[in-house]
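Listed here are the chains, written in short residue letters.
Protein chains: 2
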Amino acid sequence: MSTQSLSYAAMTKLPRRLLLGPGPSNSHPDVLAAMAESQIGHLDPAFLDCVDALQLRLRRLFGTGNPMTIPLSATGSGGMETCFQNLVEPGDDVLVGVAGVFGERMCEVAARQGAHVARVDAEWGTVLDDDAMLEAIARVQPSLVAFVHAETSTGARQPVEAIARAARDAGALVVLDCVTSLGGLPVTLDTWGIDAAYSGTQKCLSCPPGLSPASFGARALERVARRKTPVPSWYFDLNLLGGYFGERRVYHHTAPIAAIVGLAEALRRIEDEGIDARVARHQRAALRLVAGLERLGFEPVVAAQDRLPMLTSVRVPERVAREGEAVVRRRLLDRHDIEVGGGLGNFAGSVWRIGLMGENARDEVVDRLLAALDTEVGETS
Amino acid sequence: MSTQSLSYAAMTKLPRRLLLGPGPSNSHPDVLAAMAESQIGHLDPAFLDCVDALQLRLRRLFGTGNPMTIPLSATGSGGMETCFQNLVEPGDDVLVGVAGVFGERMCEVAARQGAHVARVDAEWGTVLDDDAMLEAIARVQPSLVAFVHAETSTGARQPVEAIARAARDAGALVVLDCVTSLGGLPVTLDTWGIDAAYSGTQKCLSCPPGLSPASFGARALERVARRKTPVPSWYFDLNLLGGYFGERRVYHHTAPIAAIVGLAEALRRIEDEGIDARVARHQRAALRLVAGLERLGFEPVVAAQDRLPMLTSVRVPERVAREGEAVVRRRLLDRHDIEVGGGLGNFAGSVWRIGLMGENARDEVVDRLLAALDTEVGETS
Numbered sequence: 006m007s008t009q010s011l012s013y014a015a016m017t018k019l020p021r022r023l024l025l026g027p028g029p030s031n032s033h034p035d036v037l038a039a040m041a042e043s044q045i046g047h048l049d050p051a052f053l054d055c056v057d058a059l060q061l062r063l064r065r066l067f068g069t070g071n072p073m074t075i076p077l078s079a080t081g082s083g084g085m086e087t088c089f090q091n092l093v094e095p096g097d098d099v100l101v102g103v104a105g106v107f108g109e110r111m112c113e114v115a116a117r118q119g120a121h122v123a124r125v126d127a128e129w130g131t132v133l134d135d136d137a138m139l140e141a142i143a144r145v146q147p148s149l150v151a152f153v154h155a156e157t158s159t160g161a162r163q164p165v166e167a168i169a170r171a172a173r174d175a176g177a178l179v180v181l182d183c184v185t186s187l188g189g190l191p192v193t194l195d196t197w198g199i200d201a202a203y204s205g206t207q208k209c210l211s212c213p214p215g216l217s218p219a220s221f222g223a224r225a226l227e228r229v230a231r232r233k234t235p236v237p238s239w240y241f242d243l244n245l246l247g248g249y250f251g252e253r254r255v256y257h258h259t260a261p262i263a264a265i266v267g268l269a270e271a272l273r274r275i276e277d278e279g280i281d282a283r284v285a286r287h288q289r290a291a292l293r294l295v296a297g298l299e300r301l302g303f304e305p306v307v308a309a310q311d312r313l314p315m316l317t318s319v320r321v322p323e324r325v326a327r328e329g330e331a332v333v334r335r336r337l338l339d340r341h342d343i344e345v346g347g348g349l350g351n352f353a354g355s356v357w358r359i360g361l362m363g364e365n366a367r368d369e370v371v372d373r374l375l376a377a378l379d380t381e382v383g384e385t386s
Numbered sequence: 006m007s008t009q010s011l012s013y014a015a016m017t018k019l020p021r022r023l024l025l026g027p028g029p030s031n032s033h034p035d036v037l038a039a040m041a042e043s044q045i046g047h048l049d050p051a052f053l054d055c056v057d058a059l060q061l062r063l064r065r066l067f068g069t070g071n072p073m074t075i076p077l078s079a080t081g082s083g084g085m086e087t088c089f090q091n092l093v094e095p096g097d098d099v100l101v102g103v104a105g106v107f108g109e110r111m112c113e114v115a116a117r118q119g120a121h122v123a124r125v126d127a128e129w130g131t132v133l134d135d136d137a138m139l140e141a142i143a144r145v146q147p148s149l150v151a152f153v154h155a156e157t158s159t160g161a162r163q164p165v166e167a168i169a170r171a172a173r174d175a176g177a178l179v180v181l182d183c184v185t186s187l188g189g190l191p192v193t194l195d196t197w198g199i200d201a202a203y204s205g206t207q208k209c210l211s212c213p214p215g216l217s218p219a220s221f222g223a224r225a226l227e228r229v230a231r232r233k234t235p236v237p238s239w240y241f242d243l244n245l246l247g248g249y250f251g252e253r254r255v256y257h258h259t260a261p262i263a264a265i266v267g268l269a270e271a272l273r274r275i276e277d278e279g280i281d282a283r284v285a286r287h288q289r290a291a292l293r294l295v296a297g298l299e300r301l302g303f304e305p306v307v308a309a310q311d312r313l314p315m316l317t318s319v320r321v322p323e324r325v326a327r328e329g330e331a332v333v334r335r336r337l338l339d340r341h342d343i344e345v346g347g348g349l350g351n352f353a354g355s356v357w358r359i360g361l362m363g364e365n366a367r368d369e370v371v372d373r374l375l376a377a378l379d380t381e382v383g384e385t386s
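Here the protein sequences come in this chain order: A and B. The numbering used here puts the last residue of the first sequence at 386; the count rises by one with no breaks. The numbering used here puts the last residue of the second sequence at 386; the count rises by one with no breaks.
Be a bit skeptical, because a hint or two may be false.
To be verified - Taking beta-carbon pairs under 8 angstroms as the criterion, some of the chain A residues facing chain B (in silico):
hint: 1; residue: Met-40
hint: 2; residue: Gly-70
hint: 3; residue: Pro-72
hint: 4; residue: Cys-112
hint: 5; residue: Glu-344
What the hints assert, rightly or not - One-sided and incomplete, this derived list gives chain A residues near chain B with beta-carbon spacing under 7 angstroms:
hint: 6; residue: Gly-46
hint: 7; residue: Val-332
hint: 8; residue: Val-333
Source of the hints: derived by calculation from the structure; they are not laboratory data. The beta-carbon is built from N, C-alpha and C at its ideal position, and this holds for glycine as well.
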């Protein structure tokens, strides 16, 4: 069947935006084309070959040998939920590092599992202090330590190794949120000693939202197998998911076929480019963006050494705040078809979050945004 | 961006199948085209208009005025999970009608919430006995009664009204699985008195798998609001989902944008055809299929008055069983690009499940299958 048709013209067309918020980013046209070609069943041998190739590439991207490296049938928040519903039981002590909205969310999800949640906070826009985390690990003796690699609410990049090592040395499982980092920053789960990690497709992988690529190591799966209580979630139960994403390919739920085919194509493209080149591209684009934003009077929130390349948070200049930052964002959308993100939580109303994720981490994209901003909010506009 | 590109040719192409198993069915090309055009954010005013239109049409298709009628960000099994995680608390008495795999699954999901699960069983291929259900409702006095409208493992169509009325009269919430029925059979939640229902996109709606359209009435939402314990699932928490799918449009998780745009297009197409015409089309195609299968020696499992139109289960003839039913299905796939389903559970190895769902419920599709079957397993083949 063709993706073109007469009757599609009858549908109200959606505008096509340049997506420079905190995600989703733009999907690559090859990814969308692959999805549009997927007329195949979830137990078809040809589709299962595609799943095999996807899992292999996802392991390489996560830097892990974990066999249980899979696309979960949910968005990134479903990946977070899968970790806590499987790895935490009522009464467990869990330590969460909180430096923004997604660390907060981890506390909330863990508490719903009946965990005793201890937390170490960092000021928004900064990263967790290693010593504070190490002290808390020694004091709390948690069964699980969780934190965020790339905090999408602030644009800060969390160093991973020291905290992960201390947590493992204390016998805890380590869970890392890689929603915004995977595909734009090096992620090396096995070197870091991460037991469970999850991401999302709509950030640096340049797919539509809908899947959470995730990886679970042997220590995590042992914890699940040794649970005293059943995993509350049937849908996210790793024991059951392992039946489909393992040798036996047992039906659990119907896999989101189109999204999986799209992710497989995205991962193929990432390997074609090479992860080192891709990381460097994100870095270059971010530097160009920050320089241009500073010229326009936007002030980076995060100190230079802690900035994410794929997500830049900036305080809006006085003249933008005066007009109302949301009004200006709406004008960018309506006049230029460009979406940038507002602030979440503590940053609502004063901060913009500008994403250069995956395919959008390019000079020409930066220049298009800067030109639009110059028109709308430049000194002379 | 175009959905065509040179580099896509570099990808290993998947075969394009005629999907006549228990789901997924083939997606309509307009749905895939709409998905491939979706470069838009989940808080974009134009996308939120699309969500509004989707919710309006979904209410009409479910036969309900429930404001909380939404696409859940998961497959159909995620819809089941959402019902039980929200509507059941530890210690609750839950009654499930079991006539196949999906009734069994309801028991399992309810038990994981700490419910006391009572069940009424029907022989596979038959429907629940009204009197047995009414007796159990009176005896158990459950807080929730759940059953399946279209049992995908057997092909049986469950009458809804008498059981739903008795359950509500006894003060129970009523949960109905409409995964395979929605879009192919009349579904009238408000007339029947259903408090919560869920479906899947990959059956009679002719979209890829990945969303669970669902609806929750006032009594169900009151039950959630009055819970003594938090909903264990943050991802599926109806209180939080109501923030995004309500007036305020508060960010909860990133909506699966492409899938939602596809579903919106599918629902538009269904209204263009008209649900009555669509139901009649499913009915006609099923009659043609059964007549043709009987000529080839396949014997329907379900009595005529209880058969689903969109899913026909048949015992394979002796000569197919002798060769191995899975071998013959594989030949249909390899030689004809046609997928039909094997049996699940009790029916594994002896039964085929043949779906004529959504766009595939057409005479020419039936004739293509029958011709292929005649070639492969006809008396003279």
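Outcome of the hint check:
Residue-level restraint check for A:Met-40 holds (minimum Cβ-Cβ distance to chain B is 6 angstroms; threshold 8 angstroms). Hint status for A:Gly-70 relative to chain B: violated, with the closest Cβ pair at about 24 angstroms, above 8 angstroms. At about 23 angstroms, the closest approach between the beta carbon of A:Pro-72 and any beta carbon in chain B exceeds 8 angstroms, and the interface hint on this residue is violated. The criterion of a C-beta within 8 angstroms of any C-beta in chain B is not met by A:Cys-112, whose closest approach is roughly 11 angstroms, and the hint is violated.
Checking A:Glu-344 against chain B: minimum C-beta separation of about 5 angstroms stays under 8 angstroms; hint holds. Residue-level restraint check for A:Gly-46 holds (minimum Cβ-Cβ distance to chain B is 5 angstroms; threshold 7 angstroms). Interface hint at A:Val-332: violated, since its Cβ lies 13 angstroms from the closest Cβ of chain B, which is beyond the 7 angstroms cut-off. Look at A:Val-333: its Cβ only gets to about 15 angstroms from chain B, farther than 7 angstroms, so that hint breaks.
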